[in-house]
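Those protein sequences? They're chains A and B, same order as listed. The first sequence lines up with residues 154 to 793 when you count with this note's numbering. The second sequence lines up with residues 154 to 793 when you count with this note's numbering.
No lab work stands behind these hints, which were simulated from the structure alone. As the structure is a prediction and not an experimental result, all values here were calculated from the model. All residues carry an ideal CB built from backbone N, CA and C; glycine is no exception. One should not assume that every hint holds.
Derived list of chain A stretches under chain B, where covered just means 3 residues or more per stretch with a C-beta under 8 Å from a C-beta of chain B [what the hints assert, rightly or not]:
| hint | region |
| --- | --- |
| 1 | 330-344 |
| 2 | 784-792 |
Here are a few chain A residues that sit away from chain B, every Cβ distance over 10 Å (derived from the structure) [claimed, not checked]:
| hint | residue |
| --- | --- |
| 3 | A209 |
| 4 | E260 |
| 5 | R359 |
Number of protein chains: 2
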Amino acid sequence: MSAVERQLDELEETITDEVPAGISISDVKYEGPELVIYTRDPKEFAADGDLVRRLASKLRKRITVRPDPDSLSGPETARERIRDIIPEAAGVTDLDFHADTGEVVIEAGKPGMVIGRHGSTLREITQEVGWTPEVVRTPPIESSTVSNVRNFLKQEREDRRDILERVGRQIHREEMADEQWVRITTLGCCREVGRAAFVLSTAETRVLIDCGDKPGAEDEVPYLQVPEALGAGAQNLDAVVLTHAHLDHSALVPLLFKYGYDGPIYCTEPTRDLMGLLTLDYLDVAAKEGRAPPYESGMVREAIKHCIDIEYGDVTDIAPDIKLTLHNAGHILGSSIAHFHVGDGLYNVAFSGDIHYTDTRLFNGAVNEFPRVETLVLESTYGGRNDYQTDQEDSERDLKRVINETYERDGTVLIPAFAVGRSQEIMLVLEEAMREGEIPSMPVHLDGMIWEATAIHTTYPEYLRDDLQDRIFHEDRNPFLADEFNHIDGGEEERQEVADGGPCIVLSTSGMVEGGPIMSWLRHLGPDPDNRMVFVGYQAQGTLGRRIQNGWDEIPMNDRGEGRGGTLTLNLDVETVDGFSGHADRQGLENFVRTMNPRPEKVLCVHGDESSTQDLSSALYHEFNMRTFAPKNLETFRFK
Amino acid sequence: MSAVERQLDELEETITDEVPAGISISDVKYEGPELVIYTRDPKEFAADGDLVRRLASKLRKRITVRPDPDSLSGPETARERIRDIIPEAAGVTDLDFHADTGEVVIEAGKPGMVIGRHGSTLREITQEVGWTPEVVRTPPIESSTVSNVRNFLKQEREDRRDILERVGRQIHREEMADEQWVRITTLGCCREVGRAAFVLSTAETRVLIDCGDKPGAEDEVPYLQVPEALGAGAQNLDAVVLTHAHLDHSALVPLLFKYGYDGPIYCTEPTRDLMGLLTLDYLDVAAKEGRAPPYESGMVREAIKHCIDIEYGDVTDIAPDIKLTLHNAGHILGSSIAHFHVGDGLYNVAFSGDIHYTDTRLFNGAVNEFPRVETLVLESTYGGRNDYQTDQEDSERDLKRVINETYERDGTVLIPAFAVGRSQEIMLVLEEAMREGEIPSMPVHLDGMIWEATAIHTTYPEYLRDDLQDRIFHEDRNPFLADEFNHIDGGEEERQEVADGGPCIVLSTSGMVEGGPIMSWLRHLGPDPDNRMVFVGYQAQGTLGRRIQNGWDEIPMNDRGEGRGGTLTLNLDVETVDGFSGHADRQGLENFVRTMNPRPEKVLCVHGDESSTQDLSSALYHEFNMRTFAPKNLETFRFK
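Only chain A is shown next, with the shape it has when bound in the complex (with noise of 0.2 Å):
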């Protein structure tokens, strides 16, 4: 018998000393990082309702209960009495039974009517039909993305399962090194911005912290292959922590499974699904301009069906050794701070993934309390000593004047930004700006995956700001449903009417210019003096953006993909509006690392050219005498 098998035997023996006499225990097992509970008598465990509770705390872990199969009613009498339960309110779209689990999906417009308060109506479901219900949202605004993720997954569950519980019994195993030592190794983006990748390694535990590309330069890519940098290959790494879904944090964790991973990618929910949008892009793209992809389709689908979502706040095993809290970074949908406990009190690691300090439209600012955090590891994007960015609010003044004036001379406003993030933030102040006439109401074009990633935001508006959530839930107050805005889906016709029509605003990806509908858009709008250009995000160096920004107006097309070849002169006017990154400025970083609640003792800066990262390192050093690094790829720092 294993040592993890003997673990449950006692894990079960415990439960069932617990649990009420008349309550039946079958089966536990590990999937995951939670712990199934299998019982014959659902019923009568979902009637105490702080069982549960008192479980998860005295055994330490995550606990799920579900009927044991046998125990069940069929799901046609089951459909009818939770049809009965259900508020009409909630409005349920679909019920999915699982008889192998005794589990049934739920989705509906409003989740939080089928929990109830205190999640009373699940536990009312359960009580009366037996079945474990799992509740998701039924997304607003239609997404594709969403529908294939979770079908997929659906299809997938078999498979899945056994994923999970191979995954549980590595998290539960016994420890292995009689050592103990805490090291980072950095494979990318040190002192450079994209491909960012780390590795946090203990004497018992490998994990991955992103796995990303490099905008601009697409054949620099981590350090994955150099045999150092993730010791025996790929299959030696325990798990895999995605913070968000920007390609430059996301790109490569497909491959990870090309080279033989087959391990958990723990991250949020929406990261999970917009990762699955922006690869799958990224693979065409790629295909467009003539570049062999790194992977194939299949094996995004492989990372998707090795993703464990876990929410902001929940402490979850991801190892012996290491717990893995993840909490909001502000940056994107879904986008976190990872915050790495190890060992037994041992040592505390924070990796802020990309952060933006204050609220902003979108959302909450990045979270900097922590229970323990003895080295940070912080983006640096806007470390530079004069990487000052205006306030939201004067840079939003100053849109709508761009606008205003481009409106007035018959024009186009242009705005390449990326999909995920900037997109929606600028939906939000144009949508404000015509509610209340600051500027004048005209149609904005999304084009690319805008609309495609606005959707899958409103899948998930916990992740949002809670003003915004609330917004959400009311259908005719969820701006992302304005009339103003239009979906771009006629491709280049669409695109051509556009271009001859009245003054609108155009946002279109790329976000730097390197492909996508937004070459389209220059070829379009590009040769006429009345249009605009306006950059509102970051555009890294070698990209196509930072080249406009800096003055080029004389474009090559021929290696841009879409077949057409030639240079392209620019005479639209080129803005830029600060202000709108989803990064920290400088004084953001130095902010969040003020407050940072309680202050680290090290300070990593990473993700940001030579100088940012060198700038921050040594403002950090000076105004909190704390020591920080501005560090190369490929080096290992040890902390314990």
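Let chain A serve as the given structure and place chain B on it in line with the hints.
Showing chain B alone in chain A's frame:
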């Protein structure tokens, strides 16, 4: 055709163009770092005394010329002619003909007379008989190690040529990496003494420097098994460089071959022989103490078979992008500072190994002049702020005082000493003191491997201090042959006799009282308060030597081999006479850096306990304004 073959073809063409008409080249091959030229006209080739030098400088390679076997006269004729050419006084003891390579190995008591002025005698031999002579010294004191190693290598000659050819092709392979970096990973001996091991890695190459164990903590070995440490395993290493033969640097070199390593070990010739001696003894001690040895003696033979010996100052290609030069480190016989030149002027790193900065009786002081060096990895054994040692002159006076005092009370002086290094230094002190009448002439008994190690010293006088070389060359003045020295080869019986006899001096291993005959001497001499125990070398933490030095007088004998248990009460006086260390003291380390030319930009202080490395690091930073570090094990520093 592989790139290496193409390269060899081109080299053959160039050489053919370069040599005078009438000299034909039949083959060109790599053997390890050397380029071997086979000629059908070896005599004509040898006639032009400057030809090899001209070729070497043109091709920038180390060159060996060998006769095409077809062109050779038979060994019997050659033997006679060679005997005629070499002066009688050279003391030739053996001629060994290798028809496969056209080499004749000449063993002689005075190799210099075989070589002749500027190699004139060697050239004469080739001109006369065609064979390529190679000269080795007949040990003035018979050494079983030297003769075993030589016989073994003779027997494995064919296998070895295969190895060398394979290594040669590896070294001269085409560079594959399109990036450049230089990194050092610490696998041991950081903030501790013992288990020295570093990896120097570039995008192209990985070199392991040293691979030792830790005295007093046999279970603490370098971090070779951490998957990140050696990449995908020992077979991923390109080369191993061994700075010197002490076990804390060499003990686990043979283990690498068990782990699948199959490449070269670069070291000096005496380091090779001493490594053989010490690692075999290491296995022996482990067996005696009932510990499972980490490898079998066959692995020691593998290690020796893979040694490529190089001389101080010879610049040697060991990879497409790395040149190695060994320099005298002044620490023990054959000990080296390993200097690496990376890329074409990209970077230079020197690993000090263990050093002694000033001259000792045995060795010239460590070299600290290099063409270039940006980073120095510096030992810090005596790097602590109070680690100033007595001048050797004072120490010698002190030792002589102790000996005289003990002699007067009819006692015996017991000196635990490393077989290699300190023993010979003390022997020289004692020999001179008796010769000069400063201490009474009395027997000096050498137990353990001291005698054998001394024999190896006399085999390689080139590695000793200049004036000592001269004395060894003249048998009647060879200090190691003084009458007082007695090799204990009669076991317990002889030890009992010595203990029962009159006043004398006993030098015995192990140097840190961790097993070996010293344990037996403690039993014989320990109870008598008229005897004295004198520590003359560094006692690592955790060793019995350190404990006795600190005042322990109840010694548990049970787990120290030799099958006798119980506790031994020590009544003899214990003294420590500093100043004979093979290590530079704090002043010496500072002087080494101060006078180093050029001064390095960065210094990594290693091979010292936590406070020593930190003290030295901080002192060098403040004194010389260089970047200094006191790394932990398992860190990686990137320099380029």
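Structure-based check of all given hints:
no., hint, result
1, 330-344, "holds (count 3)"
2, 784-792, "holds (count 7)"
3, A209, "holds, 34 Å"
4, E260, "holds, 43 Å"
5, R359, "violated, 8 Å"
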